[in-house]
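First residue of the sequence shown: 31, per the working numbering; consecutive thereafter.
Note that these hints are calculated values from the structure, not bench results.
All C-beta atoms, glycine included, are put in the ideal place defined by N, C-alpha and C.
Please note that the accuracy of each hint is not assured.
[Stated by the list, open to error] Below, computed lysine-lysine pairings styled on DSBU-like, alpha-carbon distance capped at 35 Å:
| hint | residue 1 | residue 2 |
| --- | --- | --- |
| 1 | Lys208 | Lys136 |
| 2 | Lys59 | Lys136 |
| 3 | Lys208 | Lys59 |
[As the list claims (entries may be wrong)] Here are the computed distance ranges between Cβ atoms for each label pair:
| hint | residue 1 | residue 2 | range |
| --- | --- | --- | --- |
| 4 | Glu83 | Gly247 | 37 to 43 Å |
| 5 | Asp158 | Asn90 | 16 to 22 Å |
| 6 | Asn90 | Pro127 | 34 to 40 Å |
| 7 | Lys252 | Leu77 | 43 to 49 Å |
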Amino acid sequence: MTSSQIEQSLKHINCWIFDLDNTLYPITKSMLSQLDDHMSNFVAKFLNVNVTEARQIQKNYFRKYGLTLRGLMLNHGLDPKEFFNAIGPMDLNEVYPNPDLGRAIKTLPGRKIIYTNSSSHHAQLVLDRLGFPEVFDAIFDITAANYIPKPAVEAYEHLCSLYKINPKKAAMVDDIVKNLEPAASLGMTTIWMQTNTEWAQNSATYKNIHFVTDDIGQWTQKMGRLSS
Numbered sequence: 031m032t033s034s035q036i037e038q039s040l041k042h043i044n045c046w047i048f049d050l051d052n053t054l055y056p057i058t059k060s061m062l063s064q065l066d067d068h069m070s071n072f073v074a075k076f077l078n079v080n081v082t083e084a085r086q087i088q089k090n091y092f093r094k095y096g097l098t099l100r101g102l103m104l105n106h107g108l109d110p111k112e113f114f115n116a117i118g119p120m121d122l123n124e125v126y127p128n129p130d131l132g133r134a135i136k137t138l139p140g141r142k143i144i145y146t147n148s149s150s151h152h153a154q155l156v157l158d159r160l161g162f163p164e165v166f167d168a169i170f171d172i173t174a175a176n177y178i179p180k181p182a183v184e185a186y187e188h189l190c191s192l193y194k195i196n197p198k199k200a201a202m203v204d205d206i207v208k209n210l211e212p213a214a215s216l217g218m219t220t221i222w223m224q225t226n227t228e229w230a231q232n233s234a235t236y237k238n239i240h241f242v243t244d245d246i247g248q249w250t251q252k253m254g255r256l257s258s
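Required output: the full structure, derived from the provided sequences and hints.
Dropping the structure here:
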């Protein structure tokens with residue numbers, strides 16, 4: 031597709047929806063390990079099981095519900111506040127400033143919204159580390175989604191209703207293809223931020239992807255230039 035064709039296919043977009051983790055910055059192995067350990071230890075303590083069993087439950091719930099928290103809420107009555115208080119903030123020392131990305135996102139025409147299965151507190155900490163906390167107009171987090179995670183289509187519908195988004199004039203960027211399928215079904219333009227992480231493997235078999243990139247900074251800069 032030529033630059034002219036890309037420009038034509040995106041000129042109607044007036045709302046840009048970005049995933050956070052592993053999209054605006056790469057999640058490192060040590061960060062994944064840290065998060066995995068925190069989650070497993072919490073599940074073990076909450077359900078009174080050993081860590082090995084807890085890890086299996088954690089993975090099963092993540093696959094089935096899209097979020098371990100959701101599985102614990104539905105099957106064990108977990109209060110999400112207890113979960114977030116226990117897990118605490120992630121160590122973000124490996125998230126580095128990226129002012130070029132911030133400037134590129136800022137040039138995109140229309141609103142910019144973060145859509146994350148995490149908390150708004152975590153999102154704000156990440157944006158602070160990246161160096162562009164002021165670029166986004168809103169953060170739609172798991173609490174705002176009534177603890178219904180991606181890829182449940184009702185969460186996307188709630189996002190659009192809350193911020194009065196016309197999905198046919200919106201674009202969504204995410205590193206997980208199955209999270210883009212509901213967006214496409216609502217009429218959004220989808221951009222897959224391709225990575226080599228475990229949960230994104232075999233994602234190329236999914237449909238409804240309009241654009242693919244492995245460098246969100248470069249892609250966003252290009253889109254900003256096309257729209258200027």
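Each hint, compared with the structure:
{"no.": "1", "hint": "Lys208 with Lys136", "in the structure": "holds, 27 Å"}
{"no.": "2", "hint": "Lys59 with Lys136", "in the structure": "holds, 29 Å"}
{"no.": "3", "hint": "Lys208 with Lys59", "in the structure": "holds, 22 Å"}
{"no.": "4", "hint": "Glu83 with Gly247: 37 to 43 Å", "in the structure": "holds, 41 Å"}
{"no.": "5", "hint": "Asp158 with Asn90: 16 to 22 Å", "in the structure": "violated, 34 Å"}
{"no.": "6", "hint": "Asn90 with Pro127: 34 to 40 Å", "in the structure": "holds, 37 Å"}
{"no.": "7", "hint": "Lys252 with Leu77: 43 to 49 Å", "in the structure": "holds, 47 Å"}
Checked against the numbered hints given earlier, the structure breaks only hint 5 and satisfies all the rest.
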